[in-house]
Amino acid sequence: MEIIIQQLINAVQLGAVYALIALGYSMVYGIIRLINFAHGDIFMVGAFIGFLLAVKFKLPFVFILLLTMFLTALLGIAIERIAYHKLRNAHRMSLVITALGVGTFLENLVRLAVGPQTRQIPAQLSNNILHLTNGIVVTEDKLLIIGISIMLMIVLWLFVNKTLIGKAMRAVADNIDVVPLMGINVDMIVSVTFAIGSALAAAGGIFFGQSYSIEPYMGIDLGWKAFIAAVVGGIGSIEGAVVGSFILAGIEVFTVAYLSSNLKNGIAFALLIILLVIWPYGIMGKPSLKKV
Amino acid sequence: MGKIKVFLILSLLILVFVVGCGSGSNNSIDELKIGVSAPLTGDLAATGASTKNAVLLAEEEINSSGGIKVNGKMMKVKFIIEDDENKPETTATVFQKLISQDRVLAIIGSQASKCSNAGAPIAESNKIPQITPWSTNPNVTKDRKYVFRACFIDPFQGKAVALFAYNKLGAKKAAVLYDIASDYNKGIAEVFRDEFSNLGGQIVAFETYNTKDTDFSAQLTKIKATNPDVLFLPNYYNEVPLQIQQARKLGIDAQIIGADAWDNPELLKLGGELLEGTYFSNHYAVDIAGDKSKAFIEKYKNKYGEVPDAAAALTYDAAYILFGAIERAQKADPQAIRDAIASTKDFEGVTGTISYNEGSGDPVKGAVIIKIHDGKFIYDSSVKP
Amino acid sequence: MLEKAIIGKKSISAGSLKWIRLNAFFLISAAFVQMLGNIGFINQYYIHILTVMGMNIILVASLNLLNGYLGEFALGHAGFMGIGAYSGALIAIYLGLPFFPRLFFSLAGAAIVSGVVAYIIGLITFKTVGDYLAVITLGFNMIIVNIIQNIDFVGGPRGLVGIPKSTNFFIVAVCLSFTYTVLRNLVYSNYGRLWISIRENLIASELMGVNIIRMKNLAFTIAASFAGLAGSLWAQYQQFINPKSFDYTKTTEILVMLYLGGTGSLSGSILGVVVYTITMEILRNLLEFNPRLVELRMVISPMILIVIMLTRQFGLMGKREWKWIQPEKEGN
Numbered sequence: 012m013e014i015i016i017q018q019l020i021n022a023v024q025l026g027a028v029y030a031l032i033a034l035g036y037s038m039v040y041g042i043i044r045l046i047n048f049a050h051g052d053i054f055m056v057g058a059f060i061g062f063l064l065a066v067k068f069k070l071p072f073v074f075i076l077l078l079t080m081f082l083t084a085l086l087g088i089a090i091e092r093i094a095y096h097k098l099r100n101a102h103r104m105s106l107v108i109t110a111l112g113v114g115t116f117l118e119n120l121v122r123l124a125v126g127p128q129t130r131q132i133p134a135q136l137s138n139n140i141l142h143l144t145n146g147i148v149v150t151e152d153k154l155l156i157i158g159i160s161i162m163l164m165i166v167l168w169l170f171v172n173k174t175l176i177g178k179a180m181r182a183v184a185d186n187i188d189v190v191p192l193m194g195i196n197v198d199m200i201v202s203v204t205f206a207i208g209s210a211l212a213a214a215g216g217i218f219f220g221q222s223y224s225i226e227p228y229m230g231i232d233l234g235w236k237a238f239i240a241a242v243v244g245g246i247g248s249i250e251g252a253v254v255g256s257f258i259l260a261g262i263e264v265f266t267v268a269y270l271s272s273n274l275k276n277g278i279a280f281a282l283l284i285i286l287l288v289i290w291p292y293g294i295m296g297k298p299s300l301k302k303v
Numbered sequence: 145m146g147k148i149k150v151f152l153i154l155s156l157l158i159l160v161f162v163v164g165c166g167s168g169s170n171n172s173i174d175e176l177k178i179g180v181s182a183p184l185t186g187d188l189a190a191t192g193a194s195t196k197n198a199v200l201l202a203e204e205e206i207n208s209s210g211g212i213k214v215n216g217k218m219m220k221v222k223f224i225i226e227d228d229e230n231k232p233e234t235t236a237t238v239f240q241k242l243i244s245q246d247r248v249l250a251i252i253g254s255q256a257s258k259c260s261n262a263g264a265p266i267a268e269s270n271k272i273p274q275i276t277p278w279s280t281n282p283n284v285t286k287d288r289k290y291v292f293r294a295c296f297i298d299p300f301q302g303k304a305v306a307l308f309a310y311n312k313l314g315a316k317k318a319a320v321l322y323d324i325a326s327d328y329n330k331g332i333a334e335v336f337r338d339e340f341s342n343l344g345g346q347i348v349a350f351e352t353y354n355t356k357d358t359d360f361s362a363q364l365t366k367i368k369a370t371n372p373d374v375l376f377l378p379n380y381y382n383e384v385p386l387q388i389q390q391a392r393k394l395g396i397d398a399q400i401i402g403a404d405a406w407d408n409p410e411l412l413k414l415g416g417e418l419l420e421g422t423y424f425s426n427h428y429a430v431d432i433a434g435d436k437s438k439a440f441i442e443k444y445k446n447k448y449g450e451v452p453d454a455a456a457a458l459t460y461d462a463a464y465i466l467f468g469a470i471e472r473a474q475k476a477d478p479q480a481i482r483d484a485i486a487s488t489k490d491f492e493g494v495t496g497t498i499s500y501n502e503g504s505g506d507p508v509k510g511a512v513i514i515k516i517h518d519g520k521f522i523y524d525s526s527v528k529p
Numbered sequence: 063m064l065e066k067a068i069i070g071k072k073s074i075s076a077g078s079l080k081w082i083r084l085n086a087f088f089l090i091s092a093a094f095v096q097m098l099g100n101i102g103f104i105n106q107y108y109i110h111i112l113t114v115m116g117m118n119i120i121l122v123a124s125l126n127l128l129n130g131y132l133g134e135f136a137l138g139h140a141g142f143m144g145i146g147a148y149s150g151a152l153i154a155i156y157l158g159l160p161f162f163p164r165l166f167f168s169l170a171g172a173a174i175v176s177g178v179v180a181y182i183i184g185l186i187t188f189k190t191v192g193d194y195l196a197v198i199t200l201g202f203n204m205i206i207v208n209i210i211q212n213i214d215f216v217g218g219p220r221g222l223v224g225i226p227k228s229t230n231f232f233i234v235a236v237c238l239s240f241t242y243t244v245l246r247n248l249v250y251s252n253y254g255r256l257w258i259s260i261r262e263n264l265i266a267s268e269l270m271g272v273n274i275i276r277m278k279n280l281a282f283t284i285a286a287s288f289a290g291l292a293g294s295l296w297a298q299y300q301q302f303i304n305p306k307s308f309d310y311t312k313t314t315e316i317l318v319m320l321y322l323g324g325t326g327s328l329s330g331s332i333l334g335v336v337v338y339t340i341t342m343e344i345l346r347n348l349l350e351f352n353p354r355l356v357e358l359r360m361v362i363s364p365m366i367l368i369v370i371m372l373t374r375q376f377g378l379m380g381k382r383e384w385k386w387i388q389p390e391k392e393g394n
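Chains as they are written, first to last, in the numbering used here: chain B, 12 to 303; chain U, 145 to 529; chain D, 63 to 394.
No lab work stands behind these hints: they were computed from the structure.
Incorrect hints may appear among the rest.
What the hints assert, rightly or not - Distance condition first, Cα-Cα at most 27 Å in a straight line; then the derived DSS-like pairs of lysine-lysine:
1. Lys297(B) to Lys227(D)
2. Lys445(U) to Lys67(B)
3. Lys189(D) to Lys289(U)
4. Lys97(B) to Lys381(D)
5. Lys413(U) to Lys69(B)
6. Lys447(U) to Lys67(B)
7. Lys381(D) to Lys286(U)
8. Lys528(U) to Lys67(B)
9. Lys520(U) to Lys67(B)
10. Lys271(U) to Lys385(D)
11. Lys447(U) to Lys489(U)
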């Protein structure tokens, strides 16, 4: 029993990490239907900016967090303007390939700039171990990651559903061709989306870099996992991204715990495929309109 | 119209390619060209950086002492370093290029066993000697005449660690957590499992994860439930600190042991105090090192500002095994160099004394067990081959 | 009416005669190049690049069937390549056949095994579309790699060594010519038109009575068979395979070459592979003079990719086709 609860806590921790990245994926997808394969790498860049600010400039934590989010948001906007903007009306897949190119570029640029070594952001927050009962433990930084992802999700949900810009974003998501006629500046909305998505990824990167470790190529695998989580949840849906992340993490952890760690990927993906066959549009997703 | 444009672009590309390649292939006779295939980008980029640093240091040293005497004439050494991206396909291309276009005398590399395995058939069929510094998988050199390595092989090391855990640490129950997607980790883990059981110990958990996983809580929770005496982590230095952190946080207090992939200064930076009192097997120990090792470590530190890791030390040894062989062969001929490498006896390297037995590319070489104490690697004991 | 049918038939046969002549020319030059390579007149490095390009073209063109003509977004091509590589290698190692039968059976066997696996997977996969399909195919890719890692008989993560070398540039050229003949005839047949109709308008084709799932699965199976063929060629060229070579890194590489060349164009697949491979090798040769610059290669190459995609939004070829690939039109 204790072990099941401990494994459940493990799953929630892992799910929170996936959710931090999956949220950005899903948001960008919702607005311009782009699978932004560079998103995992933006997460990585955010983590490294946080690392440099913490190690080189030794700023207080709040400044590190805000400054990193701000700088990474600028990076997100720049990437969109330079690499994606011109392709908005092109074939969807051209954008995907460009995104792959941006991702590879960021990975190798960071490797050149800071070296290929694995690092850890010095802990800015306490990481004491809490013993809930005998045998069940949780560390404070993990609790914090869980808390932060839930908080970010709520903030994001409120932003998208309750503010005027959020309304405009939903309108763009709904029909990008008609919205300009309503006097909404689509370019601005897309930029805002990228800024928010990248800032979220940066926040995720900082928390991730304290509990785990960071290296220039870490965004690839996490990015794929988050992409899968976002799709399973129903891509384009904020709630779906979170649900998908926890499902993916739950499946992974319990496969290791009760089936076999050797076949973790195999079994986990077989279960995900079954989920997708039952819900062909993801758990929270809606079928896209079929046009005749 | 479109066709002509495409044709023009294509022929331009091919022209640039041929010209670009041609410029590299002017065969100057006063240089000894040696190819290096290193994972400068990709998963193992840190190892790639060490490889590059080590060969550049060796090149600088040998050339500042005038070079190597070949055919009665001093010749400078020139390393041609290529990026194999830690991918077997790219390694094959790199080997083919180094051999056919640059006409190198020998190749040092690659580091990961999977890449060395992809390059080896090409070196073998072109009769170019290859020394891999760091590929510990036994099948890299198996049945091959031209492929050598500077390190010991997985089975030897797995056995050494099992003996150490059972006899010295007195462990009866052992748990293993390793990366199933990587041949190095799996190789050692399996040998350890078999040897430890043969000695009379019990393997209570044999858990795996996938390269680049960062959360091991699920596996460690399972391991904790089996309450082992030792936890064996035959994984790379960049993953081990994370695994130890998570193990300790979950309340696992077993003795933790590891293998040579731990040997990297980054390990201490990442792991800090949590590493205190852990043991791992290695190729050499810095603190009991001979003069040659000390000199190497000193020079490396001065030049690059960091302590060399095992990959750097082994690459440096591979370079000097090669220099020695060229000197003894006295000619710039791959076949003669190959024979000279095979007859290497009692080569005093940074990582220990290396000899080859004819017919095998694996060196006869011992291992040491290192203890981490006060944030330093301290020599604990030796294991003879 | 009758006359027209006969004329049509005539011109098709004239077209195929032209195709046969083209292929014969290609194969003779390939044999010539191979010979010059063997006697050392052409640098083996160039032959190696040509061979790798040939194998990649088979991979890219077969994925083109799925992602280009059918308009789906499949992310699991490297998995089928892996199945082909392993089954081909096992046939080559364990059946103990002499050279030609061994080559034939390992190639054909690999294609069949990959095709059968793909057919079964396809029955599940095509219940979804779009990005959901992408994730399912990606999932199968990961499952395939994970299963191979757990089979100790084929070496697990250590990989399979000791595969006899049967593939050379000429063999690849023969397979390439076979692949293009099949793909071209498929694409310009009724099947091809049905696939394009599904891509252009799914509902309308469904209303016309096209069995969508069957047609999609057919394309999927054929694409996977050719991926298996390429995998088997690869295994017998490199003489060593390991499961990691067939994970999503390889899939993305195939995707990049495909979209770089342009989807829905068989010429694009050739051009994409050639431009990608040669660019990477040019960068390697240009940067090697200084060890400090070698690492720049992976920074420059994605920049080139982005610039190409920005200037040629539909890939280098778009949907256009070189004239010599198209069959001649009826009555021309």
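* Earlier hints that do not hold, by number -> Hint check: 1, 3, 7, 8, 10 and 11 fail, others pass.
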